[in-house]
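Number of protein chains: 2
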Amino acid sequence: MQFHHYGYVSEEPKRLPAAGIGLNRPEELPDEMDVLIVGTGPAGMIAAAQLSMFPDVHTRIIERREGRLELGQADGIQSRSVETFQAFNFANEIMEEAFDLTEMSFWNPDPENPENIIRTARPLDDEHGISEFPHLIVNQARVLDYFARYMKQSPSRMTPDYGWEFVDLQIADNPENEEYPVTVQLKQLGAGEGSTRTVRAKYVVGSDGARSGVREAIGRKLDGKQANHAWGVMDVLADTNFPDIRTKCAIHSKAGSILHIPREGGYLFRMYVDLGEVRADDNHAVRKTPLEDVIAKANEIVNPYFVDVKDVAWHSIYEVGHRLVDSFHDLPDDAPADAIPHVFLTGDACHTHSAKAGQGMNVSMQDGFNIGWKLGQVASGTAPAALLRTYHSERHPAAENLINFDREWSTLMATPPEELDDPTAVETYYVAAEEFAAGMLTEYSDNMIMGDTTHQDLATGFPVGRRFKSHPAMRRCDANKKHIGHEHDADGRWRIYAFADAPAPGADSKLGSWAEWMQHDPQSPLRRFTPEDGDDNAVFDIKVIYQQHYHDYDLFDAPEVFLPRVGPYRLQNLENVWSSLHDDDFFNARGISREGAIVVVRPDQYVSAVLPLDDTAALKELFDGALLEPRPAAAVQA
Amino acid sequence: MQFHHYGYVSEEPKRLPAAGIGLNRPEELPDEMDVLIVGTGPAGMIAAAQLSMFPDVHTRIIERREGRLELGQADGIQSRSVETFQAFNFANEIMEEAFDLTEMSFWNPDPENPENIIRTARPLDDEHGISEFPHLIVNQARVLDYFARYMKQSPSRMTPDYGWEFVDLQIADNPENEEYPVTVQLKQLGAGEGSTRTVRAKYVVGSDGARSGVREAIGRKLDGKQANHAWGVMDVLADTNFPDIRTKCAIHSKAGSILHIPREGGYLFRMYVDLGEVRADDNHAVRKTPLEDVIAKANEIVNPYFVDVKDVAWHSIYEVGHRLVDSFHDLPDDAPADAIPHVFLTGDACHTHSAKAGQGMNVSMQDGFNIGWKLGQVASGTAPAALLRTYHSERHPAAENLINFDREWSTLMATPPEELDDPTAVETYYVAAEEFAAGMLTEYSDNMIMGDTTHQDLATGFPVGRRFKSHPAMRRCDANKKHIGHEHDADGRWRIYAFADAPAPGADSKLGSWAEWMQHDPQSPLRRFTPEDGDDNAVFDIKVIYQQHYHDYDLFDAPEVFLPRVGPYRLQNLENVWSSLHDDDFFNARGISREGAIVVVRPDQYVSAVLPLDDTAALKELFDGALLEPRPAAAVQA
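Protein chains in written order, with the numbering used here: chain A, 1 to 638; chain B, 1001 to 1638.
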């Protein structure tokens, strides 16, 4: 965490200096704004938190409720989400309070006494070391709290606008001719009940859930053939003799099945009690299932154990099917190639599925993270508006994969054990699917911000299109061994990791030539896209990783491009020079060539390109279409 | 972290439910209170934070300043302090923002060119793995902020009373006859400037610094022969080419010496520039040394490097000698053996010394932690008042050791390199002194709350009198591998670790007999001292550590004493059953006998006793004098 360089910070350093809209942010919802986000669920909040780091962009996020979410809803946090929380500076804090899920138990009927369940398997949750971050369970409300704190402490000083309901929106016929092409009707709830407002925005993000009004307004639909499935879900405190009450369990018995999830704090747990497929003519009658019936059924399922419920914090009956929206934005399918979308959908507004794999909140947050930085860069003039078309093209396939995975998993989970060909099919699938379930198999393919895989062999551990998998390294300036990926804050900046070739720091090398080009050549993205009056690292955060032991050279042996000057005193940022650890070699661990490599990482932590140190032309080309020059071309020539 | 068991906690779980004084705490300083702490430095704040966990005790902490400390003062946090912060629930947060000190550089004149300095050694800061916690550097103001948050979130909802100056105090002639035997005169500063108040307290803690008014009021004196030494200290931002600017350095050159300390945030650093011994007739003239002279001298010392200071956050010239108070409390030396002290001194009010070893804030906090829980237990009626006499007897020797250490270290640091017999004497001493400097060699000897070392061989890694050195283990209920010592919150409870003998959980064993005795025998401390109407673990937090792999038994195989019932629903706390790790065996790592052992740990994390599982009489005896029974003896017999 860096601070003090803009002046001494006496209090909480996570509270950044106010800037832009944050210097005088209107408390009331204004008539016009750059971005309007509808809904404060996980997708909307992460998008808002990301946009709050662009203080020149006026973003508002509205919510029907009159205040924060208090309980209920989702609770599964895959490790990819915790990685993401690290970028929003709250991974450690939420890890402290969340339930840490390390293994899963499978319970099935005892073959010798089929009325009773017995434990049949107990695989680790992350057998393969997919991430250094844990798989957590914590109430969604707390995730939202942390995002709310992040935006409040951001330079924008953003807070949600509670008590506003989305009614409708219209997009101007020629949106490119208007400054605020989207007109939105809102209705006030609570204190100002009933009054309506019309506001205008450059862009609207619909994060308003499975029954999204924004989706309806742009004429998009959730499609899916499969029937709804019903669940009784309850967050409870109980006296029990079930030995795995603090372990995630898939329980199948003669009496039905339960997905059992221990929760934060050591006592609370959630049970999803399977109520079966909903008949076509049910007409939501299942929702009237009394809580007592759900509790009684849970006790039948866990026989010979008991669950004596003492307190119910929250419960619900819900029905859900596997459905996917036809498009993540407002552009018609036959829109011209250069048309720009202005309304986007995220999260449950795009995809609904079972809770069985604990995916929903996680995939939704990746939607929001993806659209967040893109809107931030476009609305602040850093990137061309065409960038916004990559949102649908990247996230729609991710949602398709999610629906397919969840359909398989929930079908398997719902199959009575005696009908399975292989009695261990469920746990086998679970272990095989770990990497997907952890959120690590999302892969973005070639588009305007993605390189191809021509040079993938230079860094086989950083597949282009996948999230950057961190590794520990030694920070030269202060001999701090740290996960280098954890330095990647959600500040909207691109990351460039320069893995050095073998010569010593300071000696002639490909790394040295690359650094020289990057810092001085008028064609380098650093020269072209960094505003003259800001920090040297305002757009690109560039780190070098040397192969040498950190005691074998001195800090200032590194080229100056890795020591950028920042802040009012033009101090050098000294934290970008790193060494591979000799007892945990970065180059070996991630398959980095000893000839060096450039790894380019997007603001949302996805690997954009792997390039040779000497292919500066490819690096130039990558950013040609991805960023806008802040200065007239003439100035660059000078 | 445990929560939800007293009812669903929707917001920040570190904010505990209000209780006792916290239900209706008066905002204004009251006329009478249980404990009055004077001064909000590290010693006073940790004592207040500890007392805030005793909501039946009304504690106030006053401060001359009108608000929080903003900058300056101490910044060195040894690993023992970070262990302590873990007990106050903010170790992880402060670790995120602090500078992490992993190695130290020693710079001395270049033999070939003595006008220039060169690096001569670079030892690790913790060569010997003294603690799993780091050595940190962070402004004292932030430490105080975290303690302030802790007390605010405690059941007492405590906040400091700012703007009150201590004037004088008197202790009643027969204090045992009075409810509030200490009368204190205070003066209001700031808004209510000049008005005076007289308040009365059961106990007063003087944490009011080197010029302590409380010390003067009880007639105690700082003694010490050594002359004062002067330092120019500055927290600055600078442009520099000194390669170790982000490493702690001891720099000796022809031009003088510097202790250089990188600070939190990546840019700020502190330099202590040695201004030499202060002449007896100096009359504080040294304090007029201009900042420019200090900066110029720093540049001379670091030659051939430069330090171009761009911004000065704080600077000071200070003079300090090695001085120690004659007693840590108000009792005269000839007081009867059963007399009870009512006024206590902590921190700089008791001991002053150089800043060179970064000890001051740390030792002061251990003073405050020590007196805090003792006052809490005595004032709440849990422990007899005689406990308070152990404060002086434990902390005075600790302060003596500190002064002796600091005198040696600062003398060595101040000796010109050419006068040292061994040119590596400074770094050699530094490495040898690591364990002391980290705060780990404090050792309390036999007194009313300490056992002797008769059975030390049953747990050689837990020396009686030293702080409990944590080790990782597997928590059975949820397969969470955790440092067991990190579960020790500063909640004023005693900890008992029952290391099991070899038989399997549930089988006949010494552990099983001990558990049976502890839970059911009328003579067991658990039965005698636990109030009937509270949680089963209100006074003793008891954990078992089995030798078996955690998959080799089930949670409920453990005896019920390890599954205490708590909260309004009488739910079982399931987190006290642990297993040694097979790849990092607890018994081997801490020299625990395979026959098992009981390790008793005080509320301030010091090992009180090591006992055999079958010596229940010794365990009974240990607590006979240390705690008071909450119920009439008749009820216990029943």
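If you're looking for bench data, these hints aren't it; they were derived computationally from the structure. One or more hints might be untrue.
[Stated by the list, open to error] Derived DSSO-like pairs: lysine-lysine, alpha-carbon spacing no greater than 30 Å straight-line: (1) B/Lys1187 to B/Lys1152; (2) B/Lys1014 to A/Lys482; (3) B/Lys1310 to B/Lys1297; (4) B/Lys1481 to A/Lys481; (5) A/Lys510 to A/Lys469; (6) A/Lys14 to A/Lys297; (7) B/Lys1310 to A/Lys481; (8) A/Lys297 to A/Lys310; (9) B/Lys1014 to A/Lys14; (10) B/Lys1310 to A/Lys310; (11) B/Lys1482 to A/Lys14.
Violations among the numbered hints, reported as their numbers in ascending order: When the structure is compared with the hints, numbers 6, 10 turn out to be violated.
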